[in-house]
Amino acid sequence: MSPDRTELIQRQSPLLAGGGALVVYAMFIASSYDQRLLTISGIYVIMVLGYQFIFGHAGALSLAQGAFFGVGAYVTGILGSQLGAGFLATFPASIAIAAGLALIVGIPVLRLASHYFALATLALSQLLLLLAINWEPVTGGANGLPGVPPIQIGDLRIDRGVPQLAFVWGLAGVAILIASRQLRPIRVAMFTVMRESPLAVPAFGIDAGLLRLRAFLLSAAFGGAAGALFVHTNRVVSPETLGFGTMVTCLTMTVVGGRFRISGAIIGALLLTHLPEWFRGFDEYYLVMVGVLLLAMVIFVPDGLASFLKDSSWAGQIRTRARPAEPTDVLDAAKPTLNITNVSKRYGGIQALDRVGMSIETGEIVGLIGPNGAGKTTLANIITGIDRADSGSSKSAHIDLAAATPTAIARNGIARTFQTPQLPNELTVRTAIEVAAANNGGHCLTDTVITSCQLINILDAPCGTLPHGVRRRVEIARALAGQPHLLILDEPAAGLAPDEQTVVAEILRAHAAKGLAILVIDHNIDFLQPLATRLACLDSGRLIADGSVADVLADDAVLTAYFGILRQ
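Each residue of the sequence shown is one higher than the one before, counting from 62 in our numbering.
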């Protein structure tokens, strides 16, 4: 057996043992009622797995998972009870219609801020509930639709009890495999960047809108599948399936089990399905006791019970090979890597940039200085697409920056770092670089980037554990991983000791010598003076000097605006 497969089995041994115990219990110990509870648990596993995509990994509080569950239930109910359709028709139809609804709704509402997104999805749920109650000819109104046929595939009828239990959990197993495939390590890392470092998402080359929509569609598809199974096993559908209680149940299962781990969906569904039954003997107090227990779990185990299962992620670890960087095309030195012409930007009454023009050639290191509020970061934001200029043009050798999205700009070879390093604390150094390389056309982890940034001994360290100086080097490595032709650094020397500044300068010189154009925004003249091949100065949004380092530092306008020196 291969080492990778042995490691996978060892990592999943708690789940495998639990699954074996569950099979023994269901086959030889459980009563018919217990088997029914286990069947419902399997259905909820599918629903919670879907909800983990949008609520857990994408970090968006959707209150529509119960609605997608209800849509799947009603599609099955209408097709089954009114048209006599069987499982092979109702099940895929429920998935497709739930996902289609998510696509229609998701494109506009996923653009909303978190609380508005939650309200929009809640409104969708309530709208569908009202539709189910009032559209009596189709939905049966408040009484619902009885007479949904049982699960039957050809001549094989899946009866209640062990057959139905095995069938539902078999589909839950398929859902787990699909989820584990969708949650490949690189995609999990992309979700982590999206949740923890939203400002840096484009710099990593991640299309956040597409990634979030993918999560929303998957959550809806899983919800629709669970709703279809629920109705086929219940044989009746009613507005209760669209009620807010279904959403609360799903949310509670996700939080209690753990919203990031597949094992959390299994634990949460099993526990929350059985917990009310275990406390039912306490008569009217059992709801209070269940509520207190759940509240305690949320407070003391915020990552869910699955967090106690060490290394139980089905996604595994990102495995990469360090290899030399492949040769990249060297841009014609006579052609500017960046060309900015008459760029202006106003924020209300503040003129952040006023007809700024400059160019950067291949292999140049251009230092950009200026007092606070001069427009330096605004210029970087316009180049990288975070902000849009009011007028003027900005072009690189590869792309018209004014018409491109931030993600497209990053993928076309313009990388940047930020004033405060934007690295998700959970990601390892290796993974942070891997994500940027994978999305920006780089070549996995290259020996060149790792060695030049002096990171080879800390590749498996979480970014959140690193001191500021090391985090700065990791962010530079992240930016270099996609093999850009232009690198923009926003105050890379800020907070660094002199020896750390020297290391950063050596990294930049080495890559500039290979043809990389670099724009360094910084206040530290001692850092910029020996590093930059050219210097430019902004003041109140205007470019007041651009030339050799010596000429700019001797310029009267620069001395007045930046150093506060008035020459007689």
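You may find that some hints are simply not true.
Unchecked claim - Just the calculated beta-carbon pair ranges, DEER-fashion:
id, residue 1, residue 2, range
1, Val199, Ser454, 51 to 57 angstroms
2, Ala463, His335, 37 to 43 angstroms
3, Val309, Pro363, 53 to 59 angstroms
4, Pro363, Pro211, 39 to 45 angstroms
5, Ala463, Asn204, 27 to 33 angstroms
6, Ala555, Phe340, 30 to 36 angstroms
Rather than coming from a laboratory, the hints here were simulated on the basis of the structure.
A virtual CB, placed ideally from N, CA and C, is assigned to each residue, including glycine.
(request) Hint says 51 to 57 angstroms; check whether the CB-CB distance for valine 199 and serine 454 agrees. (result) With Cβ atoms ~56 angstroms apart, the hint holds.
(message) Given a hint of 27 to 33 angstroms, does the C-beta separation of alanine 463 and asparagine 204 actually sit inside it?
(response) Since the Cβ atoms of alanine 463 and asparagine 204 sit about 59 angstroms apart, the hinted range of 27 to 33 angstroms is violated.
(request) Return holds or violated for the Cβ distance of alanine 555 and phenylalanine 340 against the range 30 to 36 angstroms. (result) Given a distance of about 56 angstroms, which is not inside 30 to 36 angstroms, the answer is violated.
(request) Please test the hint of 39 to 45 angstroms on the beta carbon pair from proline 363 and proline 211. (result) 41 angstroms, holds
(request) Mind checking the hinted window 53 to 59 angstroms against the Cβ distance between valine 309 and proline 363? (result) 18 angstroms, violated
(request) Go ahead and decide if the range 37 to 43 angstroms is satisfied by the Cβ distance of alanine 463 to histidine 335. (result) Violated: the Cβ-Cβ distance is about 58 angstroms, outside 37 to 43 angstroms.
Hints 2, 3, 5 and 6, counting from the list given before, are not met by this structure.
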